[in-house]
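Line order of the protein sequences matches chains A and H.
Going left to right, the first sequence walks through residues 137 to 234 as my numbering numbers them.
Going left to right, the second sequence walks through residues 28 to 684 as my numbering numbers them.
Since the hints were made in silico from the structure, they are not lab data.
Built from N, CA and C at the ideal position, the CB exists for glycine as well.
Treat each hint with caution, since some may be false.
Not the full set, but computed from the structure, chain H residues with beta-carbon under 10 Å of chain A [unchecked claim]:
#, residue
1, 620
2, 656
3, 659
4, 660
5, 662
6, 671
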Amino acid sequence: MLLGPALGVSAVLFAIGVGGVLLRRNAIVIFMCVELMLNGVNLTFIALAQQLGPDGQIIVFFVMAVAAAEAAVGLAVILAVYRHQESVNLQDLNLLRG
Amino acid sequence: MIDWVWLAVFLPFVGFLINGALSFVRPKATTAISTVGVGVLVAAFLVALAVAAQFAGLHAEEPILVPLWSWLPIGGLDVTVTFQVDALSVVMLVMVTGVSTLIHIFSIGYMREDPGYARYFAYLNLFVFFMLTLVLGASFPILFVGWEGVGLCSYLLIGFWYSEKANADAGKKAFLMNRIGDAGFLIAMFWIFKETGSLAFDEVFRQAPLILAVGGPTITGITLLLFLACTGKSAQLPLYTWLPDAMAGPTPVSALIHAATMVTAGVYLVARTNVLFAMAPLSSWVVAFVGALTALWAASIALKQWDIKKVLAFSTVSQLGYMFLGVGVGAIASGIFHLVTHAFFKALLFLGSGSVIHALHHAYHHTHSHEDAQDMRNMGGLRRWMPWTTGVMWIATAAIAGVPGFSGFFSKDEILATTFARGHDNPSFFVFWLIGTIAALMTAFYMTRLMLYTFHGPNRTGEAERAHLHEAPWVMTGPLVVLALGAAIGGVLNLPEIFPAGAGWLHEWMQPVTASGDFYRPLAHLPIGTEWLLLAVATIIAAAGILGAWRFLRPAALVPVREAAPETGLQRILFRKLYVDEFYDRFIVRPLVWLSRYVLWKGVDSGVIDGVGVNGSARTVRGFGAIGSWLQTGQVGTYVFFFVVGVLLILRAATRI
Numbered sequence: 137m138l139l140g141p142a143l144g145v146s147a148v149l150f151a152i153g154v155g156g157v158l159l160r161r162n163a164i165v166i167f168m169c170v171e172l173m174l175n176g177v178n179l180t181f182i183a184l185a186q187q188l189g190p191d192g193q194i195i196v197f198f199v200m201a202v203a204a205a206e207a208a209v210g211l212a213v214i215l216a217v218y219r220h221q222e223s224v225n226l227q228d229l230n231l232l233r234g
Numbered sequence: 028m029i030d031w032v033w034l035a036v037f038l039p040f041v042g043f044l045i046n047g048a049l050s051f052v053r054p055k056a057t058t059a060i061s062t063v064g065v066g067v068l069v070a071a072f073l074v075a076l077a078v079a080a081q082f083a084g085l086h087a088e089e090p091i092l093v094p095l096w097s098w099l100p101i102g103g104l105d106v107t108v109t110f111q112v113d114a115l116s117v118v119m120l121v122m123v124t125g126v127s128t129l130i131h132i133f134s135i136g137y138m139r140e141d142p143g144y145a146r147y148f149a150y151l152n153l154f155v156f157f158m159l160t161l162v163l164g165a166s167f168p169i170l171f172v173g174w175e176g177v178g179l180c181s182y183l184l185i186g187f188w189y190s191e192k193a194n195a196d197a198g199k200k201a202f203l204m205n206r207i208g209d210a211g212f213l214i215a216m217f218w219i220f221k222e223t224g225s226l227a228f229d230e231v232f233r234q235a236p237l238i239l240a241v242g243g244p245t246i247t248g249i250t251l252l253l254f255l256a257c258t259g260k261s262a263q264l265p266l267y268t269w270l271p272d273a274m275a276g277p278t279p280v281s282a283l284i285h286a287a288t289m290v291t292a293g294v295y296l297v298a299r300t301n302v303l304f305a306m307a308p309l310s311s312w313v314v315a316f317v318g319a320l321t322a323l324w325a326a327s328i329a330l331k332q333w334d335i336k337k338v339l340a341f342s343t344v345s346q347l348g349y350m351f352l353g354v355g356v357g358a359i360a361s362g363i364f365h366l367v368t369h370a371f372f373k374a375l376l377f378l379g380s381g382s383v384i385h386a387l388h389h390a391y392h393h394t395h396s397h398e399d400a401q402d403m404r405n406m407g408g409l410r411r412w413m414p415w416t417t418g419v420m421w422i423a424t425a426a427i428a429g430v431p432g433f434s435g436f437f438s439k440d441e442i443l444a445t446t447f448a449r450g451h452d453n454p455s456f457f458v459f460w461l462i463g464t465i466a467a468l469m470t471a472f473y474m475t476r477l478m479l480y481t482f483h484g485p486n487r488t489g490e491a492e493r494a495h496l497h498e499a500p501w502v503m504t505g506p507l508v509v510l511a512l513g514a515a516i517g518g519v520l521n522l523p524e525i526f527p528a529g530a531g532w533l534h535e536w537m538q539p540v541t542a543s544g545d546f547y548r549p550l551a552h553l554p555i556g557t558e559w560l561l562l563a564v565a566t567i568i569a570a571a572g573i574l575g576a577w578r579f580l581r582p583a584a585l586v587p588v589r590e591a592a593p594e595t596g597l598q599r600i601l602f603r604k605l606y607v608d609e610f611y612d613r614f615i616v617r618p619l620v621w622l623s624r625y626v627l628w629k630g631v632d633s634g635v636i637d638g639v640g641v642n643g644s645a646r647t648v649r650g651f652g653a654i655g656s657w658l659q660t661g662q663v664g665t666y667v668f669f670f671v672v673g674v675l676l677i678l679r680a681a682t683r684i
């Protein structure tokens, strides 16, 4: 039931996330887009768990835990970068250019 | 006592260690150095005599093996350090230690004032160690160790006065020419191992007749390669040119290494492997051919040399040719007989010339003159100052020229007689006999020339120097007298068959060694009449050479070197040693240097190995690095883009299954 629309929504969410990561330059926005991708995938898991058993739901909990940790670390990194570079624009951050 | 034969080998090595150490800490302690240097040799000689005495009492048909330790156990090959006492090695053992002892004693006087006294005796001891390893080794690898070791000592002693470039060059030349021969030795060893699965003499000589065809390509190839090694070590055509240059070393070294012992190693090798050579008639013929040709070739060059040591050097090459002629025609015992008598008279000649050079060197040293102390044009009339040297040198000359009764007469005659006897099977041996006889005539001539120019006629040394000429001290003349005794009566070792008693003693003695070879080529016996005829021819030849030189040469007409005019015509060609060195330089050395420099160095080494190999791989890595570096933009966006593209490609590939 409603599997098709659910997968469709998750695909759209994921695509928006990818597009945002590729096109935006602000680190915080890119970060939010990554969250969007994660949640798109979470929706897929939930939808498929309806038919395939509860394993998908368990994995969603893992993803949420990791996403929370990632948000904490990621935001801290961005904050540190900002203190250092006075910018969160990724185009200005090219110290590792070969 | 035979089990203690290793003592004779290792005593000189101990002497080398002690003298080598002394050369660093006490190079001036001449008494200690001479005591050690000569002492170990005397001890080794006594051991050798004891071994020989016991061996003679045993009448052993089989060689007595003295195994010491296992050296190279590799799979099916087990090379053990084993010494072999048999009829041949006993003769060599006694000869080497005896002559070495005398020459060591002589060196005490000759080298006394040299700053490298300790180093000299260390090298000389080391040489004896390796030489004894060579003659006593019971397998090809052990013989090869000695073979290479004596080559090393030869190199060290030729370049003993290495501060002069010519001497160091002469050492290098000797070393390099010997390498050519040694390559042959190595390949022969590999080949022998491949065929027989062993390298020990007894095993190889037992197997070879069973598994190899007589006269087949295998045995011929092996023996020819072995003979190539002999031409290097024993200075035969075409590799003989290092020996005359080797005279750059001290004169006792020339006597010991480059006349009496080391250069005869090739003859020893052919005698040792006489079974193999007997199975390869073609190789034996080549040995005899090269020997005869070298005898004539070198004798002709010796006719016109002015350097007293050069005359003797070419004489050595020529006499080695006789020995190879002997072992080539299957007269193994005669070849070894000539080897022994030659060791006596040639060591004597060299030491005598050393005594002369010593005297002239001192005379010129006193007057601070820089004249050549080795050129016979600076000598003349020395018999007035050096009666002992003159006397013993005449004995040696009589021996080498083949004056009846002296040792060289018997040994040379035996070789020529056997060659003549072989002529009935193959007429080419008549030609070899003729070549040998002509060379004998030349030998008598150039030796008399040497004696006339050195000891007779007016003195050309110089007015001021004349007062300083003197006979050598007893420590030098003593060994000369002992050697003269050997040169005079050494012939009794192997008298010809026309003598009623004691004939062919050495022949009998060597029977156990030569028997298996004689099986393939029985020695032909000449009728008594022919034997007498050949003896008469030899006598006439010797007399003709000596009297001819006496009659035609005018010592009084000679002038010292600085006033001498250069030679012309044939004399010049002979003086320049038939231009062989120039020929080798032009056609071998220079092309080789050119090839090395422009092809191997500039082309292969600089171009291919450095250019393509080393620098090329570096350039390739740097190119890949540049691409990687260009991809590393530092822009997160780029990385993400490639990441997404990559994921899409992988997904596409994964979903196409």
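Tested hints:
1. For residue 620 (chain H), the shortest C-beta to C-beta distance to chain A is roughly 50 Å, which exceeds 10 Å, and the interface hint is violated.
2. With a cut of 10 Å, the hint placing residue 656 (chain H) at the interface with chain A holds, because the nearest CB-to-CB distance is about 4 Å.
3. The criterion of a C-beta within 10 Å of any C-beta in chain A is met by residue 659 (chain H), whose closest approach is roughly 3 Å, and the hint holds.
4. With a cut of 10 Å, the hint placing residue 660 (chain H) at the interface with chain A holds, because the nearest CB-to-CB distance is about 6 Å.
5. Look at residue 662 (chain H): its Cβ gets to within about 6 Å of chain A, closer than 10 Å, so that hint holds up.
6. For residue 671 (chain H), the interface hint holds, since its Cβ comes within 10 Å of a Cβ in chain A; the closest pair sits about 6 Å apart.
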